[in-house]
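Peer 1: Here the sequence shown is numbered in full-length UniProt numbering, starting from 1 and rising by one per residue.
It is possible that part of the hints are untrue.
Only pairs whose alpha carbons sit at most 16 angstroms apart, straight line, appear in this in silico EDC-like list of lysine to aspartate or glutamate [as the list claims (entries may be wrong)]:
1) K99 with E47
2) K44 with E100
3) K75 with D49
4) K99 with D154
5) K99 with E87
6) K75 with E113
No lab work stands behind these hints: they were computed from the structure. Keep in mind it's a predicted model, so treat the numbers as computed, not measured.
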Amino acid sequence: MLGKIFQKHCGTQLLYDFTNRAVFASAQQSYSMKSRIDTSKVPKINEDDLEIQYVRGSGPGGQSTNKTSNNVVMKHLPTGLVIKCHETRSQTQNLKIAKEKLINKLDLLYNGEDAVENQKKKLLAKKTSEKQRRQKKRAALKASFKESLENEEDAKKDE
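All chains, please: the whole structure from these sequences, using the hints.
Peer 2: So this is what it looks like as structure tokens:
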């Protein structure tokens with residue numbers, strides 16, 4: 001669609017077309033989620049604890065990926081965790097992504113149930129169960145309303 005533009009509104013990005021209706025709203029639940037997630041226990045990474053190597057990439061992309069050393073292999077020395085990242089063609093972006101992955105893995109390792117990823121899963125599960133509960137309640141109300149309408153129609157026919 002030619003008329004798509006990004007419009008920032010209240011911190012969320014909305015994708016609009018020329019008819020001015022929201023096609024896609026990203027991160028609507030993330031703001032309410034962010035306030036409920038405890039990030040105080042997320043481990044910090046010391047640069048001294050990391051062993052970073054840049055090796056040649058492989059896979060699709062041909063000669064460009066085979067010649068450049070943009071694949072990041074990061075080892076966390078205290079735990080022995082190894083993270084490999086070759087998601088982009090940029091070495092610096094791969095380094096950032098590898099650090100984020102390492103932080104997530106360390107968070108899961110050290111904090112377990114209190115890890116940010118597990119907290120998000122719990123909140124999403126709670127949200128979906130609440131949504132299902134509301135749907136069942138609405139369906140029951142709708143069924144009882146239809147039944148009462150049918151009973152009224154039967155009563156009118158009997159008269």
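Peer 1: Quickly compare the C-alpha distance for K75 and D49 to 16 angstroms and report which way the hint goes.
Peer 2: Judged against 16 angstroms, a Cα distance of about 8 angstroms means the pair holds.
Peer 1: Please work out if K75 and E113 have their alpha carbons no farther apart than 16 angstroms.
Peer 2: Violated, at about 24 angstroms.
Peer 1: Is it true that the CA of K99 sits at most 16 angstroms from the CA of E47?
Peer 2: holds (10 angstroms)
Peer 1: Are the Cα atoms of K99 and E87 separated by 16 angstroms or less?
Peer 2: holds (13 angstroms)
Peer 1: K99 and D154: Cα distance at most 16 angstroms?
Peer 2: violated (69 angstroms)
Peer 1: Quick one, are K44 and E100 close enough, alpha carbons at most 16 angstroms?
Peer 2: holds (11 angstroms)
Of the numbered hints given earlier, the model fails hints 4, 6; all others are met.
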